[in-house]
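So the sequence lines, in the order shown, correspond to chains X and E. Position 13 of the first sequence, counting from 1, maps to 13 under my numbering, and the rest follow consecutively. Position 318 of the second sequence, counting from 1, maps to 318 under my numbering, and the rest follow consecutively.
By construction, these hints were calculated from the structure, which means they are not laboratory data. Among the hints, a few may not be true.
Stated by the list, open to error - What follows is a list of derived Cβ distance ranges for each label pair:
1. X:Glu62 with E:Pro221: 47 to 57 Å
2. X:Asp54 with E:Asp104: 35 to 45 Å
3. X:Arg48 with E:Glu79: 46 to 56 Å
4. E:Arg90 with X:Glu62: 47 to 57 Å
Here the structure is a predicted model, which is why all the values come from computation and not from measurement. Where a beta carbon is used, it is the ideal one built from N, C-alpha and C, also for glycine.
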Amino acid sequence: MMPGADARLVAKIAGLLRQPVFFRDVLVATRDQPYRAILCAWSEIRTRHALARDEFGRYWLEEQ
Amino acid sequence: MADGGANEDFRTMLARMERDGHLRRIKRTIRPEHITALCGKAPAALMCEAVEGYEIPVVGGLYWTRPRTASALGWRESELGARFATSVSRPIAPETVNSGVCQDIVITGNDVDLTSLPIPFMHEKDGGPYISAGVAFANDPQLGPNAGCYRLMFRTQREMGIDLFTASDLRRYYQAAFDKNEALPVAVAIGVHVFEHMAAAYKAPAGMNEMHIAGGLRGEPLRMVRGKTVDVMVPANAEIVLEGELLPNGWTADEGPFGEFAGMQGDLKYNPLFRVTAITHRKNPIFYALQMPWENDWLNGPATEAACARVLGLAGIQVTAVRATEGGCCGWSVVAAIKKRAGEGKNAIAALLSLPVVKQVIVTDDDINIYNSDEVEWAVTFRCQADKDIVILSGMKGKHVDPSVRPWELKPGELPTTSKFGIDATIPEGIPAFRYERIVPAFRDDIRAEDYL
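Just chain X, same shape as in the assembly (with noise of 0.2 Å):
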């Protein structure tokens, strides 16, 4: 079975997401975490939520 994501992390990562990030941003953010960790909370945000784009490729979540 697929290991579940860090609920902890998720929250964490979600919270960098409230502003229009780099992908790198989430990792120098995370860098204390395992990376397949940090994927999975990735996964969970990704599965759960809609991530807004802007023309640089940056990252926020849609509904702030």
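Chain E: place on chain X using the hints.
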């Protein structure tokens, strides 16, 4: 150097590159997002054996230079174009086998998890981690099997974005399925031999199975096995295979940016989604992360050189060497050496610039070693008069990826045009060859450096 013809797999290729000094093993633990930076600073391709959080090693930088590409192929550097041309002219159909090592381990259903693979984040402005070395396989009822190189961006544990923005056979297959609101079964192989990768990168005519070309490069049939969850054939000795389907969502899912083949950070695009239904792999698989741009470009270099030799031959020009340069992304800039007759310097320029992607050319006489940039510069300096020997052609077919054509000013669907130029660095007509007599050290053949140094 081994011949590289028979029954080679990805691992055998890596072993040769290691023997040739073109691949180094890195034992120190590294995070996936640091691999691209390390590969870019390394003097050889790297096998990162300890990737933090993963038991799968990552290899990258395999075709970063001409010598590495030649080593991977098991060919001499000077024969890349000629040997590619010969191989393409002798395609060999694949052979279907009942089992393959690529299916030693089969993961399906709820166990499918893309985060189990060390998919690296590669460039500062990328939209996410990318599979850059994927060779996608698909079928079409009319046109048959097809293979091509496509990038895939990680989105979720079972879905990736796939770049089908530009015209390609897979885009054509997908469009047909999309028009019927159907998903298109696809398999993506990661870690295939350079023969299969180069064949997939080759722009074969629609309806031609690129794996026949892979057979031509190998000199024997490629062994292929049917997918476990999709009716698609894949190379039996691939390291990893993702099976799944391109969803009929059309060009709606954000994908990119990604560091493009021309060496520039690309744009955000909207593309289809690839939903993964199975991950199959060898025991102890190796993940291949192709490093942009040169590694991608060198997959096309031999095909470019072959095309250049072909058009020069059609123009009746005796070509002795062709080099697709790395700075020109192994396609946009070429240098050719010819046995010149009067006027053929310019004829060669005209022929080479007729190729769609070639944008600048230098033509030299056959006494110039075109693999030595200093010799080419010497020929340009002393055999060229700028007002007579530089040919500029305007209004030719261009490419959107080239910012100098200002593609953002085009209307939707409008194609860019470009100017191209060629430098005739052959000895001008009317100047006797003795005027270019080269310096020869006295008694050169009597002195052996190793006796003194």
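Item to complete: Could you say whether the range 46 to 56 Å given as a hint is met by the Cβ separation of X:Arg48 and E:Glu79?
Response: Holds: the Cβ-Cβ distance is about 54 Å, inside 46 to 56 Å.
Discussion item. Given the hint of 47 to 57 Å, is the C-beta distance from E:Arg90 to X:Glu62 inside that range or not?
Written reply: 54 Å, holds
Fill in: Consistency of beta-carbon spacing, E:Asp104 to X:Asp54, with hint 35 to 45 Å
For E:Asp104 against X:Asp54, whose Cβ atoms are near 43 Å apart, the range 35 to 45 Å holds.
Discussion item. Please check whether X:Glu62 and E:Pro221 have a Cβ separation lying inside 47 to 57 Å.
Written reply: 50 Å, holds
Figure legend: structure checked against the earlier numbered hints; every hint is met.
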